[in-house]
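Let the sequences and hints guide you as you build the complete structure.
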Amino acid sequence: MRFIVLVAAALVIGGASLAAHHSAIQFDFTNSKPVTGVVKKFIAINPHMQLVLHVKDEKGERDIEFEGHSTNNMYRAGYRDNMIKVGDTITVYIAPLKDGGDGGYVTAAQTANGTRFGLRSRAELEQERLKAEGKK
Amino acid sequence: MQRPFRAATSMAAAALALLLLGSTDARGQQPDFTGVWTTYNESGQAPGGGRGGGPPLPMTDVAKQKVAKYQALVQPTGDTPGGFCLGTGMPGSMLGSGGYPMEIVQRPEQIMIVYEAHNEVRRVYLGDRIVPEGDRLPGRNGHSSGRWEGNMLVVETSHLVEQVDQRYAHSDKAKIVERYHLEKGPKAQTVLVAEMTMTDPVFYTAPVTTVKKWEKVPNGHLLPYECAEETWIKHLEQLENKAAGKK
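Chains as they are written, first to last, in the numbering used here: chain A, 67 to 202; chain B, 60 to 306.
One thing to keep in mind: the hints can contain errors.
Derived SDA-like pairs: lysine to any residue, alpha-carbon spacing no greater than 25 angstroms straight-line [what the hints assert, rightly or not]:
1) LYS305(B) - ARG128(A)
2) LYS305(B) - GLU127(A)
3) LYS293(B) - GLU199(A)
4) LYS164(A) - PRO135(B)
5) LYS164(A) - LEU132(B)
6) LYS107(A) - ILE130(A)
7) LYS106(A) - GLU299(B)
Here are some of the chain B residues that sit facing chain A, going by a computed Cβ distance under 8 angstroms [unchecked claim]:
8) GLY137
9) ASP231
10) TYR284
11) GLU285
Quick partial rundown of chain B residues pointing at chain A, CB under 10 angstroms, derived from the structure [said to hold, decoys possible]:
12) PRO115
13) PRO160
14) GLU162
15) ILE163
16) TYR184
17) CYS286
18) ILE292
Honestly, the hints are just simulated from the structure, not real lab data.
Using N, Cα and C, we set each Cβ at its ideal position, and we do this for glycine too.
Below, the structure written as structure tokens:
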């Protein structure tokens, strides 16, 4: 498992921005949530990875669009070409939308063969800290 | 016999220092900064090289008003230049450029610095390559001219445009001096230290200084960063949908 911490570096462009190309103000980076689904579309691109998952959960069956860290930062956090293909069942770890809607910002992923790559979110780091201190 | 011994000792010490601090250029006089560098985080320092935050800057009232006006515009949406595929500009570019690595290609007459984020490029001209004052165009990274002071590379940057969209806001009168030298980290890493001083009589009441440190990435490579590709792909999808009669 390759899983490294690049949180601040990955989230800062231009002094205070979370990501290039648009604001990431709509995402809640204090939370982390896993979402499992079948890949319908995946583009490894900068400044954001683009992903559509077909998801079945308590809300029903539907396609959900996600975006994520830049391909370059994901590469340095373990991503390699063809790790994710259309038809694969994967789990992504997202900073959810603040309004509770479908979608979110992918910070890490577990591929079809179990390989995990990505960046620890602030929420995950906090969860790890609490666990280490025996508070959770 | 003491003098020859001292001279030999000094020469040996100088040679050892060069070995410790990395390779030298073809003339064997200056250090060679060529290579890929990533932000060096000293023990106890937050990842990202200590960007953002920091003590308040000694801004003039004029600068404070301009920055406040800009912040009021963008804070509700979180918009940034990077959000529009625009590079950070100096001095933000040399202070980390989003935490992405940079590559330096050094020649005696010109040093190229490529920051991976947004493929932002700076050219530092030396000697006869320095562009005459009257032939320089202003820009977000300005015009940079360099000179060597022993093992220290001194880079002076002028012809900047006013920028309120970065941590170190500045006017078009700003001048930036960077002083680069090599050190060894505690794990014997090669560390490039950049001491930055910005003077700007319009925006600051005193010089602004900070230090950025980079760590050499052995056999490192920059990755491609085509920031506008996402916009182009989405535009093509919209055209395809329109052609197919979809909304």
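Practice prompt. Run the structure past the numbered hints and jot down the numbers of the failing ones, going up.
Written response: Of the numbered hints given earlier, those the structure breaks are 3, 9, 12, 14, 15, 16, listed in rising order.
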